[in-house]
Each structure stands twice: as C-alpha cells, then as structure tokens.
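Chains as they are written, first to last, in the working numbering: chain A, 1 to 311; chain B, 1001 to 1311.
FYI, nobody ran anything at the bench for these hints, they're computed from the structure.
No residue lacks a Cβ here, since even glycine has one placed at the ideal position from N, Cα and C.
It cannot be assumed that every hint is accurate.
To be verified - Pair by pair, the computed Cβ-Cβ distance ranges are:
(1) A:R248 / B:K1014: 39 to 45 Å
(2) B:K1308 / A:T221: 33 to 39 Å
(3) B:A1120 / A:R248: 43 to 49 Å
(4) B:Q1103 / A:E118: 44 to 50 Å
(5) B:T1062 / A:R285: 31 to 37 Å
(6) B:E1099 / A:A120: 29 to 35 Å
2 protein chains.
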Amino acid sequence: MDKATLIQTHRRIKPFIHKTPVLTSQLLDDIAGCSLYFKCENFQKMGAFKMRGAANAIASLTHEEREKGVVTHSSGNFAQAVALAARRLNVKAYIVMPENAPQVKKEAVRAYQGEIIECASTAEAREETAERIKNETGATFLHPSNQDEVILGNSTAAIELLQERPDLDIILAPVGGGGLIAGTALAAHYFGNDCKVIGGEPFEADDAYRSLQSGKIERNTTTNTVADGLRTYLGDRNFPIIQKYVDRIIRVDEEEIISAMKLIWERMKIIIEPSCAVPFAAVLREKEKFKSKKIGIILSGGNVDVTKLPF
Amino acid sequence: MDKATLIQTHRRIKPFIHKTPVLTSQLLDDIAGCSLYFKCENFQKMGAFKMRGAANAIASLTHEEREKGVVTHSSGNFAQAVALAARRLNVKAYIVMPENAPQVKKEAVRAYQGEIIECASTAEAREETAERIKNETGATFLHPSNQDEVILGNSTAAIELLQERPDLDIILAPVGGGGLIAGTALAAHYFGNDCKVIGGEPFEADDAYRSLQSGKIERNTTTNTVADGLRTYLGDRNFPIIQKYVDRIIRVDEEEIISAMKLIWERMKIIIEPSCAVPFAAVLREKEKFKSKKIGIILSGGNVDVTKLPF
C-alpha cells in the first residue's frame, strides 16, 4: 500500500463518491482552543465514509468476479454502502443481516436493491450464512474493515482533507473495526506534512487501546457504549498499519461522547452519529495537548435514528 | 429599493455574514420530482438568515446613532442576530425579552453581550418596554421584519442563491413577519431570470395568505403551529412588496411540516427549524406543479432545541 496505490484508489472511486465538504466553526474552535477542520463524511453518499471502502472493493474486482456478485454481513452502514456501490457498478449484492435487525436498516438496503438474507442474530450464524452464500454463488466476500481495498478506499477521506488543508498537525478518527483509522493513518503518512494520527475510542469498547498496549488484537467482553459503530475489534490487515502509523488512542466516557455530539449538532447544525462524536470528545478531554494546533477530524457518518437520540 | 440598493446592501454586510452553501440532494430530488437547491441559512452566523437583516440595519446607522445603541424586542432569532451584529459593529444592544422566555434564548443573547431587559409576557409590555428604552437611551429601534434595512439585508440570501444558480424557475421561502419573503421577492425580481417567488405558510397561521386575498394585513387569532417562527403577521413596509412581487402562498398542515422537516434531517443530515421546513412541505404538497422545475428553497434557520423535537 504505497503512495501510488492510494492515488490510484482515489482516482478509481471518484465517480462513485461525493467529495465531501470540510466545515469549520468559530464557536467550536473557541470551545476547544484549537483550529478544527471537520471532514463531513456524514454528507457522503448513503451517509457514511463506508461508501469509499465499499466502492473501492467492488470497483477493484475482475470482470468475472463482478458477474458473480458480492456478499457481506453487516447490519450497519457497510451493508448500505455495499448495496449502493454494487448497484452503481451493476453488481449483485447479497447482504446477510440478523433477522432482528431494525426494519429501517433493512429498508435502506432494499432501497439500494441489495438482496437481504436473514439469519439468526449471532456472530457465528452471520459468518456461516455469508460463507454459504459465497459457496453457492461464487460471490466475493467483502469485510467492512479488515480488507486492503476497504482500507485503501477509506484512506481517500483523509487524502481529500489533506489536499484542502495540507498544514494539519493532527488528524483524529474514531476506531471501530480499524478500517477507517488505518486508512487515515496511511493518508497522513503519504500526504501529510508531519501530520500525526490519533484515534478516539469509548472506554466501554477500548479494544484497540488495549491492543496497542499488548501488541495483539484484543476483544471487548462488553460494549455498553452509545457509539454503536465502534463495538467491533481490529483485524490482521489493519492492526499492523495502526501499530506502525497511529500515534495513540484517546479514550472517552459516555457522557463526553453525548455532550460532544450535542455540541456539534447545536453549533454546526449538522447531524452526526454518536460514533462520529468520539474524536471531538477526545480533543475536548485533552484540550491542553491540542492547544492552538490545526486539527482535522473525520466525521464518519450521520445515519442516526432521529426519533431515538441520546439527549 | 432598486437594484443598486440591493447590490450596495450585499457589499455592506459581507464582512459580517457567512456566504452560506447551496446544498442539493439526489434523494430529495427523486422524492419531490424536481431539482432542489437549498440555500443553507441554518449555517449562517447565529444560525439564521436574521443575521443579514440585523447586520444591514446596524451597519446603515450613522455614527451618532451607533453611539446610542439599538433596541429590539424579540425572544427568537432576531434577538440573537441584533446582539451579535451589534457586538461585531461595536454598538450597544438592548434586547427586550419576556421574563418567561426560555433560559437558552437568554443565554444566547448574553453570550453575544446583548443587554437583556425583561418585561411581562404580553405584546403590549414588550412594545412599551422597548419604547421606554428608546426614549431613555436614544437607541434606534430595530424591527425584526417590517423595516427597509432588514428587508434589504434579508434579500442577500436569495441574491447569493441566484448568483450560484441564475437559472432557477422558482424560489420558495417561509412567511412569518414577511421580512424574508419580501427580501427574497426583491432579489428574484432584480437578479432572477423570470424567477417566481412562492411563500410557504402553515394553515394554522395563514395570515399572509388571507392578507393577499383581502388586500389588507390580516392577523391570526390562534397560532397552533410547530413552525414557531411563523406566528407573526405582515407589516406596512413588507406587505406592498409581497403584494407586488410574490406569486402566491401555499399553505401546509402540521403533519406535512413535521414530515418535511424529518426528511431534510434524515436525508440531508442537516439541522433545520420547523419553520424552515414549510417551503419544502409546500413543494411536496403540490408536487405536480413543481414537476421537473429548478427550485430554490431558503432554509431560514437551524436554531432548534434538539432535546425537544416534534418527531
């Protein structure tokens, strides 16, 4: 994954993604004591950065592979991203979802013409069902975070951010499955000017923080966090990148996440997911360390049920 | 209020306002069956278009007038707009607010260093108190909607929209006190290419609709609408402009307002006030009349209590 590959990736997916805006807020700068540049992936197609990785993974398939389709298991943003990217590229998408997944999520996938295959609501059932579809149809399995093409696709958000603000001192991104932070770290390494990358993670799902300490992929026993996109754990493709290029991970508590989310809603007038507020919460938690710096923040997505808010 | 005055107004207030973005949404275009261009005044300084009128009114004062300050009575966006614009222009702002105004509104005015004068919660008390302050201090009274400088300032949102999209067939704006729709109509008249202006109003506060029918300024006896910014009535400065340049007013019911607001939140990932959703609700109500047209919509503001949503 060298610089040329990242450039090629960006060129490959450009027809399928929005170049999202970078927003600033004087009020939030005053509160945080630094200059904040928010890369708004909540305005991305289907509402999250996941579109970038999904588009790259599907656009990288051979003609033969495309004819057999793609399969993934997800009940979140990646399911929608795969369904939409597949439709745009004229590829069949099989989406394995737990039978108790929220109706609204199933409808979103159907709206993008993804074929939903329901299964029991356990990790094993999801993996087995995806494996069965793969064997039956020859479809290519796409992983939401632990796959090179997905990591490369995700890197393009930070590439665009650095093209617009090449002078950033630090970029922060949330850490869930590790695909976004790994892509962001690659982009900062190749396109930044000595730009550090810091992850934000809830205390209630701090597997990545612990993984960096122990040197092996740790899991969470419980994940009682409002940041529902960050409950997953790292994988063998993204962990080495994170170890090599991510400066550190800052953990935040639930109250900090909710209050950071509310601040962004109220002051910036934009809708972001709870997971998305974690890096900003991290900046507020360690204000003195970010003082007067130029900080990029990847706002990862805006798919939230507006009738069920945590405030 | 000729074209030159509008151009001069825009030049005058540029240092004090944001040039807000014009956003589009493929999903909403598909739903509405036309091409929608949303002028995002919810991203304006202090969160609403009111900043434009307030900035123009204060920047138009003489040196002597500025020294004596400005006074207004408002518990809404105009109070914040006057306080912020006055601070930027180094002018003292007296804001008359009912004693039972929400604490959050008072805090916003104080944050912009406006001086709050509390009074009883009746229209008479507010007017009397403002009159008293005016007499005691020599401050200039600013009206939220029925004043030429305010109408001219408001016109600049549509001027910017038409500079970006000169080919619009129609621009829609909500109708409250009439200051925004009057300014929008002036801008469309001078800067549009045969561009119509249509107002959106709740059935529950349809004074402007009735005023256009009767030919005189009508009031509302009740205003049971979620669109709290639209409960006021027209004034003698803006009504003639509205009569002359506004094509018509479309009324919408409460359910339509709430559902249009929710659609914009969910699909565009931006926060708008209920009042702000009224023009989009009007487009959805009369879909067939807007079919395939290029429609500008002034999203008037985003100051909403995110803990008290109507959905």
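Hints and how they fare:
no., hint, in the structure
1, A:R248 / B:K1014: 39 to 45 Å, "holds, 43 Å"
2, B:K1308 / A:T221: 33 to 39 Å, "holds, 37 Å"
3, B:A1120 / A:R248: 43 to 49 Å, "violated, 56 Å"
4, B:Q1103 / A:E118: 44 to 50 Å, "holds, 48 Å"
5, B:T1062 / A:R285: 31 to 37 Å, "violated, 49 Å"
6, B:E1099 / A:A120: 29 to 35 Å, "violated, 59 Å"
Going through the hint list in order, the structure does not satisfy hints 3, 5 and 6.
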